[in-house]
Amino acid sequence: MAEKKKQLDRRWIFLTIFLGVALPLILKIGLPISVSENVRNVYELVENTPPDSKVILSFDYDPASKPELHPMARAVVKQCFQKNLKIIFTALWPMGVQMASDIVDQLKDEFPNLKYGENYVNLGYKAGGMVTIQAMGRNLRAIFPQDMNGTSIDELPIMNGVNNFETIAFVISFSAGDPGIKQWVQVAHDTYKLKTSGGVTGVSAPAILPYVNEQKQLTGLIAGLKGAAEYEKLIRTLGTATSGMDAQSLAHLIIIVFILTANINFWIAKKKEKKK
Amino acid sequence: MVFDQNWQYYIITLVSFIVMVALGIFWGTEKNPGLLGNGNQISAFIGSKPFDYLFDNIYQHLQATMFSLLAFFIASAAYRAFIARTFESTLLLVAAILVMLGNTSIGFLLTGWIPDSLNFLHLPKITEFIMKYPTTAGQRAIMIGAALGIIGSSIRIILGIERSYLGGD
Chain G
48 MAEKKKQLDR
58 RWIFLTIFLG
68 VALPLILKIG
78 LPISVSENVR
88 NVYELVENTP
98 PDSKVILSFD
108 YDPASKPELH
118 PMARAVVKQC
128 FQKNLKIIFT
138 ALWPMGVQMA
148 SDIVDQLKDE
158 FPNLKYGENY
168 VNLGYKAGGM
178 VTIQAMGRNL
188 RAIFPQDMNG
198 TSIDELPIMN
208 GVNNFETIAF
218 VISFSAGDPG
228 IKQWVQVAHD
238 TYKLKTSGGV
248 TGVSAPAILP
258 YVNEQKQLTG
268 LIAGLKGAAE
278 YEKLIRTLGT
288 ATSGMDAQSL
298 AHLIIIVFIL
308 TANINFWIAK
318 KKEKKK
Chain D
-3 MVFDQNWQYY
7 IITLVSFIVM
17 VALGIFWGTE
27 KNPGLLGNGN
37 QISAFIGSKP
47 FDYLFDNIYQ
57 HLQATMFSLL
67 AFFIASAAYR
77 AFIARTFEST
87 LLLVAAILVM
97 LGNTSIGFLL
107 TGWIPDSLNF
117 LHLPKITEFI
127 MKYPTTAGQR
137 AIMIGAALGI
147 IGSSIRIILG
157 IERSYLGGD
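Just so you know, the protein sequences line up as chains G and D, in that order.
Quick note on this note's numbering: the first sequence kicks off at 48 and runs consecutively.
Quick note on this note's numbering: the second sequence kicks off at -3 and runs consecutively.
This is chain D alone, in the form it adopts within the complex (with noise of 0.2 Å):
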């Protein structure tokens, strides 16, 4: 039998399946009681019962991390993609850092002290219309060019001219 690389990753998935699962079965959750009663001699010593203790302690919290991870990620790839080669990776980048800036407390402070009257310069005013506009219009068109792309397909299927699916050409 030839284990994968990363076969502890697997046990530990099945055990806390299995663990929580479990637990909510025999002790409930919160408000619910569960085949062996509230668990209230666990719940006294926990503080909350056994499914909830890792509902708050251990999942909320691995999420959140999950998430969170993201900003590193974000971050170096930020580093490697966002080069000015051409005009629209240029443009990209204009944008990226604009929306960033924007974002964020410093862009109020780079630009807080233009007039009310020139208002449309406040970094976080420019971030607003890029999100709202270019990048509306940018989703929508990739929306209504994947739909077509799908009703093509659809009729293609339909009509019998496509059969890569049965395994034809």
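So that you can see chain G by itself, here it is in the shape it has in the complex (with noise of 0.2 Å):
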């Protein structure tokens, strides 16, 4: 009971938070990041891919997680732009598709040569989850048939030779729940073989975590925010999620100080509960 009367007012809390988080963002304070290996696994299946390599990324992901996986995902599609690897983008969400859209349109400028079904192509959003990855792995051309646009894939020169997944060097899923990675490791990568590596949101990290072993059913990891600056970080490009960093990392240490206060709250209260 007593330590209920010494609880704070949860609008300080809520202020303390707000200005955690908004500080860093307005500020830049550039605290250091240091990069870990799953991260690095990534980075370098990307690094390592020969140019001219048809990869897969699939969007699998909608705007509610966009502050978390859309800067994880412009980072990767830069470091591929830059390979000159040849992108299929694809989304088990239907919101994907306007994530995959939004980041090739904010790269275009720095990218100015890439042309639409040479370097990239979008073939959209397609309904099934598990069903749809399975179908592409049998025969891409037939649950794929046209791009987002409506265009046939014959008439795309980077689809030449696509038919399921024999060609494509990996595929990466950015994902936020289900549908997403865990599909295409079960399927794409158990299955077919198919190098698979992907990011998620933080909150889902150790679900998906268990799958980057031995076995390699995938290879490495992006966590979360702190996963997609240490990926910034590695493609030397600092976005918004290097500076995220700061106010996540800001925003966690309140919380933790939130959190002491209240245990030395509660053991002050329980010591004079023990004395009367």
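The set of hints was computed from the structure by calculation and includes no laboratory data.
The model shown is predicted, which means the values in this text are computed figures rather than measured ones.
All clues given are correct.
Taking lysine-lysine and the BS3-like style, the derived pairs with C-alpha atoms no more than 27 Å apart in a straight line are:
1) K280/G <-> K121/D
2) K101/G <-> K155/G
3) K27/D <-> K155/G
4) K242/G <-> K280/G
5) K130/G <-> K101/G
6) K121/D <-> K263/G
7) K280/G <-> K128/D
8) K125/G <-> K173/G
9) K242/G <-> K130/G
10) K155/G <-> K75/G
11) K27/D <-> K101/G
12) K242/G <-> K263/G
13) K263/G <-> K280/G
14) K162/G <-> K27/D
15) K173/G <-> K27/D
16) K101/G <-> K162/G
17) K173/G <-> K101/G
18) K155/G <-> K280/G
19) K125/G <-> K75/G
20) K128/D <-> K240/G
21) K121/D <-> K242/G
22) K128/D <-> K263/G
23) K128/D <-> K242/G
24) K125/G <-> K27/D
With the hints as a guide, bring both chains together as one complex.
So this is what it looks like as structure tokens:
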């Protein structure tokens, strides 16, 4: 009972968190970032893939997870374009299509020579999750006869010779849940032996991390905003994840201070009750 | 007729729903024309098709905002819930603080100086260990427990032992 009386008004907590998140985004502190092995593995997967290889990037998220997944997706797409990899965009989530288009639009100024249909293609969204991936593995042209604009994939040079996963170097899924990276691992990697990697939200990382194992079901994993910031460091681009990490670090620190304060209050109240 | 306390929100939801559907049907989306064509005049004025304009400038931000609100509620909930009352809650508290620190640049700042031979003491490594092993084990235990519960309930229903769903005892 005593601890309840001592509890802080939640509005103070909200205000402190707001300031803790907003100030680093405005002032840009620039806290150091260490690169984890999982993120480096994803980076090296892209880096060591020969130029002109065809890769699949699956956008399996929507605007709700955009602040966390968009920065890592942008970093990976940028690295793929830098390495002259040919990107086939797909989406297991309806709004993933717009997410992929948005990133290409953002990068157009940096890569003015990119040509749709030659350097990249957006096949759009296909319902079905795991079934869609299985069908892609059997006959990609049957499941995606047209791109998102309705153009036949026979007219797109990038799709020449792409009948299934055999000509694909790797798949990377940016995943906010189900369907997403788990389905890509279970079908694309486990069934078709396609190198699979990806990025997930921080909250879903524990469920996906076991797939990063000796069998390399996942070749590395970019987890949350921290992973995105690490990736930005690797490609030497300071983007929104890097500034976001300052905000996240400070917010976590504030939460820890609040937790410690609550515990100190609790123990003081307990001691007082014992004395009585 | 009695109005619910939050009747305004119902109207906003219905109007938003109707407006988005109507804009999509009449003027289409980025690549697809609608019943009234592409709405070039409107697009010239607002910069994109009406549906895409609302999607990019309202819907996306609202969704991101909804998700971001979690930060405030998690902070408040952590302040109230993470109290070291028992041994188990102390374990949870310590694990939570280690994971939170490990997921930030501060974790690296605090333990980055530790030599590589003792890198298992680095906070990011400790965080990775906690997330990869104890958390996964806990999650799997819960999933297995839930699956066994579903099997048990299903067998009871199939054998007619469980009849409460039919209104029985």
